[in-house]
Amino acid sequence: MDSSDEEESTWQCSSGSSKTKVPLPEGVVESLMNGQLRLPYSEKFSSPPAVPCHGGCGEAYYCSMSCAEADWESSHSLLCTGESCDPRRREALLKFVKHANETNDIFLLAAKVISSTILRYRKLKENCLAEKGKNDASCVSDNYNFSLLLEAWKPISMGYKKRWWDCIALPDDIDPSDEASFRMQIKELAFESLQLLQTAIFDKELFSLEIYGHIIGMFELNNLDLVVASPMEDYFLYIDDLSNPDKEEAEKITQPILDALGEDYSTSCEGTAFFPLQSCMNHSCCPNAKAFKRDEDRDGQATIIALRPICKGEE
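Residue numbers for the sequence shown follow full-length UniProt numbering, so the first one is 1 and each next one is one higher.
These aren't lab readings, by the way, just hints derived from the structure by calculation.
It is possible that part of the hints are untrue.
With a cut-off of at most 27 Å between alpha-carbon atoms, the simulated BS3-like pairs for lysine-lysine come out as follows [stated by the list, open to error]:
1. 290 <-> 312
2. 187 <-> 98
3. 187 <-> 154
4. 293 <-> 162
5. 312 <-> 293
6. 125 <-> 95
7. 154 <-> 252
8. 95 <-> 112
9. 252 <-> 44
10. 112 <-> 132
11. 187 <-> 112
12. 132 <-> 162
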């Protein structure tokens, strides 16, 4: 057993394994959600109440109203499937989301990029019309509109890109002789996803398979793992460290929950994220830094580790 394994076992609470999970007593979850039941010592692990998407989709939740509003303005207003959404667009979005969940959820991130670019483009165009007037021909010319689109695309433009089906690594279970067929299947999958998204939020400048493929390929080449620690792990460790009789009293409520969660009590939230600034860094044959997730890096941020001393002004 290596040191990391020893450290992990040191900090593990005693709970039923995933094979021996037991169901929660009836009504416990509902009582916790409606406030009738309160976890002991939960006041020591305070967190802001979850803020649901005000579009009513029931899918997006935020840590604050400002975070919810920022996401709405940046992309979610085009992707929300709430009842306030136009019925035809809502149906199309639900089909797109279903397809992504069943095939590859990276399509959801690609949709977010396209939506944010569209909304930035619209905002830039609105500002132009407000400043110069609706009758100013410069604000409606194709060349000017394209320059605004390029400006809206800037946050994404610096990420190194290749088409997804060209740069995705060949899975171990795919024979090299089948590589061409595999890459064609990936291309067809992207095309299916694009068609569904296009039905929901059409914008002709951005809806080409070439652009869609390059966006997803950019994720393939640049994205970093994102890990956010589970607050439940710290909570159960706190209960485990209590002295009796406080521990015995608390475990009357917490132990059935811990048993029901099994090994999942310590599961972190894991995902993938595109960090525009990180993707611009260190394109060198002899890099001086690397992106690296240590065990303690569980706050959802990008972590860059210097490989050697870096001089002022050096890339």
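27 Å limit on alpha-carbon distance, applied to hinted pair residue 252 and residue 44: 18 Å, holds
Below or equal to 27 Å on CA atoms is what counts here, so check residue 154 against residue 252. 55 Å, violated
Are the Cα positions of residue 293 and residue 162 separated by 27 Å at most? 25 Å, holds
Just to be careful, I want the Cα atoms of residue 95 and residue 112 compared with a cutoff of 27 Å; is the pair within it? Holds: residue 95 and residue 112 sit about 16 Å apart, inside 27 Å.
Hey, residue 187 versus residue 154, does the alpha-carbon distance stay inside 27 Å? 25 Å, holds
Measure nothing beyond the straight line between the CA atoms of residue 312 and residue 293; if it is 27 Å or shorter, mark the hint as holding. Given that 27 Å is the threshold and the Cα spacing comes to 25 Å, the pair holds.
Distance restraint between residue 132 and residue 162, which requires alpha-carbon spacing of 27 Å or less: 38 Å, violated
Is the hinted pair residue 187 and residue 112 satisfied, with a Cα-Cα distance of at most 27 Å? 20 Å, holds
Regarding the pair residue 125 and residue 95, is the alpha-carbon distance no greater than 27 Å? This hinted pair is violated, its Cα atoms lying about 30 Å apart.
Check whether the Cα positions of residue 187 and residue 98 lie no farther apart than 27 Å. Between residue 187 and residue 98 the Cα gap is close to 18 Å, so the pair holds against 27 Å.
Would you check the hint for residue 112 and residue 132, treating anything up to 27 Å between C-alpha atoms as holding? 30 Å, violated
Take a quick look at whether residue 290 and residue 312 sit within 27 Å of each other, Cα to Cα. 18 Å, holds
Hint compliance for this structure: hints 6, 7, 10 and 12 are broken, all remaining hints hold.
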